[in-house]
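A.B. asks: Top to bottom, those sequences are chains E and P.
Numbering follows my numbering, with no gaps: position 402 of the first sequence is 402.
Quick note, my numbering runs 1000 ahead of the 1-based positions in the second sequence.
There may be inaccurate statements among the hints.
Claimed, not checked - Straight-line Cα separation of at most 30 Å, DSSO-like style, residue types lysine-lysine; simulated pairs:
#1 E:357 x E:344
#2 E:340 x E:155
#3 E:344 x E:93
#4 P:1166 x E:357
#5 E:357 x P:1031
#6 E:396 x P:1076
#7 E:28 x E:340
#8 E:420 x P:1112
#9 P:1108 x P:1159
#10 E:357 x P:1076
#11 P:1108 x E:429
#12 E:28 x E:96
#13 P:1108 x E:420
#14 P:1112 x E:433
#15 E:435 x P:1112
#16 E:420 x P:1166
#17 E:344 x E:96
#18 E:357 x E:93
It should be emphasised that the hints constitute simulated quantities derived from the structure, not laboratory data.
Source: prediction; values computed, not measured.
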Amino acid sequence: MQNISLFLPEIFLTVSLLLTLMIGVFFKNSYVLVTNIIYGIIIALISIILNSFYDSFKLFSDSFVSNSFTNFFKILILIGTFFILIISQNFIKETKINYFEYPLVLLLSVLGMFIMISANDLILFYLGLELQSLSLYILASLDRDNLKSNESGLKYFILSSLASGLLLYGCSILYGFSGSTNFEVISSNANTENTGTVFAMVFIIVGLAFKVSAVPFHMWTPDVYEGAPSSVTSFFAVVPKIAGIAVFTRFMQIPFSEIVDQWQPILIFISLASMILGAVAAIGQSNIKRLIAYSSIGHIGFALAGISTGTITGYSSSITYISIYVVMNLGMFACIFSMKRDGKYCENLNDLSGISKHHPILSISLLVILFSLAGIPPLAGFFGKFYVFIAVIESKMYTLAIIGLLSTVISAFYYLRIIKIIYFDDENKSFDKIKNLGISTTLFLSSLILITFFIYPSFLNNIIETLIIN
Amino acid sequence: MNFPILSSITLLPILGAIFIFIFNNKTNENKNVIYVSLFTSVVTLFLAIFLWCVFDKNSSEFQFVEEKNWISGYIKFKFGIDGISILFVVLTAFITPICIISCVNSVKNRLKEFLIAILVLESFMIGVFCSLDLVIFYLFFEAGLIPMFLIIGIWGGPKRVYAAFKFFLFTLLGSVLMLVAIISIYWITGTTDVTEIFVIKIPVEYQYVLWLAFFSSFAVKMPMWPVHTWLPDAHVEAPTAGSVILAAILLKMAGYGFLRFSIGMFPVASEYFVPLIFTLSIIAIIYTSLVALMQEDMKKLIAYSSVAHMGFVTLGIFTFTKQGIEGSIFQMISHGLISAALFLCVGVVYDRVHSRLINSYGGLVNVIPKYSLVFAVFILGALGLPGTSGFVGEILVLLGAFQKNFLVAVLASIGVILGAAYMLWLYKRVIFGKLEKKELTELKDLNLSEGFILFMLAGLTLFLGFYPNLILDTIHVSVDKLINDYQMNLILNTVK
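Isolated chain E, as found in the complex:
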């Protein structure tokens, strides 16, 4: 019974989800009501997790793990989801996609991520992954009457199923060669002579790389980001990435810990390719959502660079990176949700032209966020990169470090281009005044964190490092 109470977050999430679904079914136009209930659920969940943050245990014959590491990620996911629901609320109401299913499916995918992160067993892991992915397909095509949204949902579904298939194939090979689906058992059976394990590892990395949209499995990202409603895009750009990095870390740390030499070159390649493509391909974009898609590919490249070192410093650096990335992207999307002109939401970069005249606060926040994304000190984005490169250079991977840093110079170009449009170009018509406490709070918080991060930059990294060592 004691154990079950430790499984409480997942149970609570499932039960409250089903109950809220009832509310949604029985009340008409219940989007606002459901969303408000879900805020409550998220806050309750955070407090439940915090309550037993440092408890570490395994359940269901070691197939489910919960410790401070997984709890950290769960909280990060919940915070991301919470703020995304807040900043996208207006957008959803005004673009008439205020179905009550939206927040519920969102939460369902969060449940999938929870299971995925906590899984210590291939089967449970796959179940969580699929729960997450299926919810994401539905979310992408949420705007039912919009052709682009449908297209993006379908595209995502087909490609992602293929990746899931590969991943499942890898899992089954892994089971065949190690005789177990349990992570620890796999780890103890895996060694470099065991070709089957290495073979399976490649397939699993492919599947995971697809889910975090790392090059060369990134093709779906720009189209899906552009086609899906902005509210969903914001979710895609933030939350699944957190889960993806968590799972990547867990896989590399436990089942594949013995074959570092085998997966390291693969990850280095993926990470380099993502950094370079993210930097180069974003230059030509004029749609802000597509641009964010490419920029997120680049950022995932940096996070993977940390993981590719295979050291504790590396893992914790990439987790720090992804946490800072979450803060930056939340701020970025808060800005996107306040870009509304004549009642329509703008997605084009040129719509930002010269807004610094009319919207000084919005533009200065964007300035901070963009410079931080570009990784210019003293903003938080720099420290994310700094930690990653500390880990990378510790492992003597100088090529990765130099190419990675050169790609930040290239990517600085397109971030600067947005700043140029905002500050240097001729003024456009001003945006509609948006009085939304949620958006302005998110924007304020995110800029504040990005600016003041340098005062005590080891705060986050210290926590994460202790979590991993535990």
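On the provided structure of chain E, position chain P as indicated by the hints.
C.D. replies: Below, chain P without anything else, positioned relative to chain E:
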């Protein structure tokens, strides 16, 4: 010394900027903003001068050292100054109020944001000169790009976007390699604290690569030929105050970096790369002087002359003689005053005529005599006439160079002559001759604030020309230590 005076000086301008950002009352907004920013920068100046007075000139140690845990387990936050860095702190604190006064006349829109950018930039620049930790240094060094990018891009001339991007990307590209080097140093020595690295000493086999990584950053910032091309663009397009800061202080960061980091941490590599530096410096001195001769834009001409003057600085630093290094430091300070003043002079006529082309002027002495007088002082200072501060720097650098390499010194001396040529020709075309253009006849002479700034700078240029010991006394001990440590390291290395 328990009071963290260095952090206070560094933080003060940013506090002023935050104050301006938060409290804006609509009535008389511009006036109040100017007063607040001027007040902040003047207080910073007084603090800096106070620091200079209480600074112990007979000690070669770092003074006013502040140390705090910053990135726990990795990096300490360490501030401290010696005889070399204090001068740059004072220079920064001195130039900023001048910029603020000057922009009252020239900046027409978004004055508030402009002053915020200038103040934030001042903080970052002071931080660069105070930091004794490589990571902190890098942080400030790079952070300065943000306000400068905005200053060029928002308030600049017609080609400002191109200039701002070129400035930003060139500098960033140079610096990222330095970041790799800094992190490598951390893993090699286990610290990024400069004073500790001086003691631990970086193994020789690493020094060459690391030196080149630092060089890539400093060479762009300096700027040395052939990566100087961003400078003329940035100078021409930047508003007057931006050009002043760029020429007077931002360029000095690189010279300071060479002195503090390249020589101190990589003595063997520094010695090894002397021919490279000498070649590049000589090319910079002669080639950019020739280019400057042919310029039609006044700001571009002064920008190219800056590159030539910086060539003297690198030349002097890498002679590793007392005269050479002291000359370089003196040259940097003097160039900081003179080039700032020259850009201000261009700014004065630009505000009135809205042209920077030399052709559109001529015979100004007939209408604006006061302006012509101060302009003459700075022109003579820039070409290194005895009695001005420019002379002291150049003669010391040449003294150092003659000890090291005769040919280099002779070539550098040719550069001095070329410098005289383009500067005097510029003066002749702008100031002398007949007043032919009608629009110039109505020109007003210097107003109160312009006159105040320019005469003060002219006075300082002459004063330092006659009494260079004001600067040299401060740096003697520190430079001695620098050279001694350097030679000790070389001897130790050959003994090994």
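A.B. asks: All hints are to be evaluated individually against the structure, with a verdict given for each.
C.D. replies: Cross-check of the supplied hints:
1. E:357 x E:344: holds, 20 Å
2. E:340 x E:155: Cα-Cα ~28 Å, so holds.
3. E:344 x E:93: holds, 12 Å
4. P:1166 x E:357: Within the cut-off at roughly 25 Å; holds.
5. E:357 x P:1031: holds, 20 Å
6. E:396 x P:1076: Holds, because 23 Å separates the two Cα atoms, which is no more than 30 Å.
7. E:28 x E:340: Judged against 30 Å, a Cα distance of about 28 Å means the pair holds.
8. E:420 x P:1112: holds, 19 Å
9. P:1108 x P:1159: holds, 18 Å
10. E:357 x P:1076: Not OK: residue 357 (chain E) and residue 1076 (chain P) at ~40 Å, beyond 30 Å, violated.
11. P:1108 x E:429: holds, 22 Å
12. E:28 x E:96: Within the cut-off at roughly 15 Å; holds.
13. P:1108 x E:420: holds, 20 Å
14. P:1112 x E:433: holds, 23 Å
15. E:435 x P:1112: Satisfied, since the Cα-Cα distance of roughly 25 Å is no more than 30 Å.
16. E:420 x P:1166: Satisfied, since the Cα-Cα distance of roughly 13 Å is no more than 30 Å.
17. E:344 x E:96: holds, 12 Å
18. E:357 x E:93: Holds, because 28 Å separates the two Cα atoms, which is no more than 30 Å.
Violation of the numbered hints given earlier is confined to hint 10; every other hint is satisfied by the structure.
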